[in-house]
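Asks: Sequence:
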Amino acid sequence: MNILFWNVKNNIKLVPYLPQLCSENNVHILILAELKNIEPEFVVRRFGESDLKFVNNLSMPGNRTHLFHSLDIRVNKIKDGKYFSAFKLKLNESVTILLSIHLPSRLYRYDNEIGYKCVEIKREIELLEEEYNSNNTIVVGDFNLNPFSEHMVSTVGFNATMSKEIAMKIHRTVDGEKYKYFFNPMWSLHGNINNNVIGSFFHHKNPISYVWNMFDQVIIRPSLIEKFNFNELKLIDRIGDTTLLNKQGIPNAKEFSDHLPLKFEIQ
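Numbering (the UniProt record's numbering), first residue to last: 1 to 267.
Please keep in mind that the hints were generated in silico from the structure rather than gathered at the bench.
Backbone N, C-alpha and C fix where the C-beta goes; we use that ideal spot for every residue, glycine too.
Treat the hints with care, as some may be off.
To be verified - With a Cα cut of at most 25 Å, we get these calculated DSS-like pairs of lysine-lysine:
| # | residue 1 | residue 2 |
| --- | --- | --- |
| 1 | K77 | K36 |
| 2 | K254 | K36 |
| 3 | K180 | K90 |
| 4 | K9 | K82 |
| 5 | K180 | K88 |
| 6 | K82 | K53 |
| 7 | K180 | K79 |
| 8 | K164 | K180 |
| 9 | K13 | K247 |
| 10 | K79 | K9 |
| 11 | K234 | K254 |
| 12 | K36 | K13 |
Said to hold, decoys possible - For each label pair, taking beta carbons as the anchor points, the in silico distance ranges come out as:
| # | residue 1 | residue 2 | range |
| --- | --- | --- | --- |
| 13 | I170 | G249 | 38 to 46 Å |
| 14 | K247 | I78 | 41 to 49 Å |
| 15 | N37 | H171 | 36 to 44 Å |
Please construct the entire structure, taking both the sequences and the accompanying hints into account.
Replies: Shown next, in the form of structure tokens:
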């Protein structure tokens, strides 16, 4: 199952490219953030004009992310929050919980404010895992945080580690409390000079600048590590012969988005 996430920055001009993007990458689930004034039905119609059939899954006014899929199986929405939507899928007789998120922008919120939302969402995830008796959880979206950000790695945040070996310990104990791990594969892409791009979002204006940020991420519970295809984890910088980058080699915000699409596969 191939999943693709893209923060499209309310740019209706890129919608006609979505069917080709999904076809080239054999995408089964497409999650878009910042549709804003773009109606989900408009996206569905563009797919209808191609050979692909994608349906929209219960988008509600105010949703910060919208899910489209071409799967034969049911994709049930089980929870909506201000900054996330949660879905239940049954894959190979096992329940998988998929969360799409778009956390507040760093332009308008301090890191600690974003961190509070991480704590809240982490608790919502744990409640859903208890309710559906599943630890097969995927969280994907625009975190507006880097993999190394405090609230990505903190036990009270997502507790997302770069180490498969550590993640496979399932949880860590701090001050007598157990905290479940997420595994974060995005470390392998951030700053990787062998790729055309070394982050999903470029920003180089502040005095302290990481230049390339990896705000768009996927994290998974340890139970899914063996099913995660690391060869298919990629940031996409081209659709057919059309580049998503400008002449400076950074995301072309004018024609497309200031974020790049993120694609991964769960086998």
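Asks: Where does the structure disagree with the numbered hints, that is, which hint numbers, in rising order?
Replies: As far as the earlier hints go, only 6 is violated by this structure.
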